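Novice: Numbering-wise, the first sequence is residues 330 to 463 according to my numbering.
Hints are not guaranteed to be accurate.
[Unchecked claim] Restricting the straight-line Cα-Cα distance to at most 27 Å, the calculated cross-link-like pairs of lysine-lysine (DSSO-like) are:
(1) Lys419 - Lys398
(2) Lys346 - Lys332
(3) Lys377 - Lys418
Treat the hints as calculated values from the structure; they're not laboratory data.
Remember, predicted model here, so these are calculated numbers, not experimental data.
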Amino acid sequence: MQKEVNVMTEKELQRSKSVLPIGTVMRLTELSARQIRYYEEQGLVIPKRTDGNRRMYSLNNIDQLLEIKDYLAEGINMAGIKAIYEQQKKRATERREDNLTDSDVRRILHDEFLNISGFDRGVGTSLHSQRPLD
DNA sequence: TTTCTTACA
DNA sequence: TGTAAGTA
């Protein structure tokens, strides 16, 4: 049993190892260096730094970047993405403090997502005329 | 050669 | 966001 835990830990360690330079990340994610660095400025996906201050990304970082890319493709902006992560962090806290069932968590998650996406699209776009945050 | 920071058409 | 400049 303990052996399995070690295996899992090893995988996580490998996925957390920062060994990819930004150039590789660019090709893997189809994102420009400008964008990758910008997302870092915004507090999302902070890479390790090595040698002469060069960014080194891990496999997990790649996943994070791809996730951000998906959100962007869905029309969610930086503020919205940040909000989503803040909400997730908040949910992690709520989960410890309360005894929410999985369905409760799902309902909250769904509700928050609608508010976030509705808010972001409402500014400048007219896909929906709804004003969920009113 | 690649990446970094800063700044601007 | 793209891109140019000057480094490391």
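Novice: A separate judgement is required for each hint: does it hold in the structure or not?
Specialist: Evaluation of the provided hints:
As the CA atoms of Lys419 and Lys398 are separated by approximately 22 Å, the hinted pair is consistent with the 27 Å bound. Between Lys346 and Lys332 the alpha-carbon distance is near 21 Å, which keeps this suggested pair within the 27 Å criterion. Using a Cα cut-off of 27 Å, the hinted pair Lys377 and Lys418 holds, with the two alpha carbons roughly 22 Å apart.
No hint from the list above goes unmet by this structure.
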